[in-house]
Each structure stands twice: as C-alpha cells, then as structure tokens.
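Trainee: Sequence:
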Amino acid sequence: VADGFARISAAIEKETIARERTVGAATTEALTNTKLVEKCVNEQLENVASEIRAIQEEIDREKAERKEAEDKIVNTLED
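Throughout, our numbering is defined as the position within the sequence shown, counted from one, plus 648.
Treat the hints as calculated values from the structure; they're not laboratory data. Glycine residues also receive a C-beta, built at the ideal position from the N, C-alpha and C atoms. Take these hints with a grain of salt, some might be off.
[As the list claims (entries may be wrong)] Each pair of labels, with its calculated beta carbon distance range:
no.: 1; residue 1: Glu699; residue 2: Thr664; range: 50 to 56 Å
no.: 2; residue 1: Ile656; residue 2: Leu693; range: 53 to 59 Å
no.: 3; residue 1: Val649; residue 2: Gly672; range: 31 to 37 Å
no.: 4; residue 1: Ala666; residue 2: Glu705; range: 54 to 60 Å
no.: 5; residue 1: Asn681; residue 2: Ala654; range: 37 to 43 Å
no.: 6; residue 1: Gln704; residue 2: Ala666; range: 55 to 61 Å
no.: 7; residue 1: Asp708; residue 2: Thr682; range: 35 to 41 Å
no.: 8; residue 1: Thr680; residue 2: Ala702; range: 29 to 35 Å
no.: 9; residue 1: Ile656; residue 2: Asn690; range: 33 to 39 Å
no.: 10; residue 1: Leu684; residue 2: Glu716; range: 47 to 53 Å
no.: 11; residue 1: Val685; residue 2: Ala717; range: 43 to 49 Å
no.: 12; residue 1: Lys683; residue 2: Glu705; range: 46 to 52 Å
no.: 13; residue 1: Asp708; residue 2: Glu668; range: 56 to 62 Å
[As the list claims (entries may be wrong)] Taking lysine to aspartate or glutamate pairs in the DMTMM-like style, the calculated list, with each CA pair at most 20 Å apart, reads:
no.: 14; residue 1: Lys687; residue 2: Glu699
no.: 15; residue 1: Lys715; residue 2: Glu699
no.: 16; residue 1: Lys715; residue 2: Glu705
no.: 17; residue 1: Lys720; residue 2: Asp708
no.: 18; residue 1: Lys720; residue 2: Glu710
no.: 19; residue 1: Lys683; residue 2: Glu694
no.: 20; residue 1: Lys711; residue 2: Glu699
no.: 21; residue 1: Lys687; residue 2: Glu677
no.: 22; residue 1: Lys662; residue 2: Asp651
no.: 23; residue 1: Lys715; residue 2: Glu726
Kindly generate the complete structure, drawing on both the sequences and the hints.
Mentor: What follows is the structure in structure tokens.
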C-alpha cells in the first residue's frame, strides 16, 4: 500500500512540476511579448512626438513670417 502511495505521490509531483514549467514558460513568453509591445508603443509615441514638434516648429515659423509681414505693412503705412 505504501509503495502504491509513493508511486501516486511521485506521479503527482512529476505532473505538478511539468505544469509549473509550462506555466513558467508561458509567463516568460507573455512578459517577453509585453516588453516587445511596450518597446514598439514607445517607439510609435516618440515618432508621434517628433512629428508634433516638427509641426509646432512649422507653425512657429509661419507665425514669425506673418508677424514680420504685418510689421512691414504697418511700417509702410506709418511712413
């Protein structure tokens, strides 16, 4: 009887270890995938931020050009 329990216990332990390894591997894979997704998202965010900065610089240049043109008109009218 004790021998039978020992075999059952060993089989249960073996199955438990196998399941723990499977869960561990799946967890590691999920974490790796999450990190890859995070890296891609961060790259996309940086690209968007870069585009926003470029657009803002263009807007600022256009405002400066408009202001310069307005100032020239005002100076011409004052003369």
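Trainee: Determine for every hint whether it applies to the structure shown.
Mentor: A quick look at each hint next to the structure:
| no. | hint | in the structure |
| --- | --- | --- |
| 1 | Glu699 to Thr664: 50 to 56 Å | 52 Å, holds |
| 2 | Ile656 to Leu693: 53 to 59 Å | 54 Å, holds |
| 3 | Val649 to Gly672: 31 to 37 Å | 34 Å, holds |
| 4 | Ala666 to Glu705: 54 to 60 Å | 59 Å, holds |
| 5 | Asn681 to Ala654: 37 to 43 Å | 41 Å, holds |
| 6 | Gln704 to Ala666: 55 to 61 Å | 57 Å, holds |
| 7 | Asp708 to Thr682: 35 to 41 Å | 38 Å, holds |
| 8 | Thr680 to Ala702: 29 to 35 Å | 33 Å, holds |
| 9 | Ile656 to Asn690: 33 to 39 Å | 50 Å, violated |
| 10 | Leu684 to Glu716: 47 to 53 Å | 48 Å, holds |
| 11 | Val685 to Ala717: 43 to 49 Å | 48 Å, holds |
| 12 | Lys683 to Glu705: 46 to 52 Å | 33 Å, violated |
| 13 | Asp708 to Glu668: 56 to 62 Å | 59 Å, holds |
| 14 | Lys687 to Glu699 | 18 Å, holds |
| 15 | Lys715 to Glu699 | 24 Å, violated |
| 16 | Lys715 to Glu705 | 15 Å, holds |
| 17 | Lys720 to Asp708 | 18 Å, holds |
| 18 | Lys720 to Glu710 | 15 Å, holds |
| 19 | Lys683 to Glu694 | 16 Å, holds |
| 20 | Lys711 to Glu699 | 18 Å, holds |
| 21 | Lys687 to Glu677 | 15 Å, holds |
| 22 | Lys662 to Asp651 | 16 Å, holds |
| 23 | Lys715 to Glu726 | 16 Å, holds |
In summary, the numbered hints that this structure violates are 9, 12 and 15.
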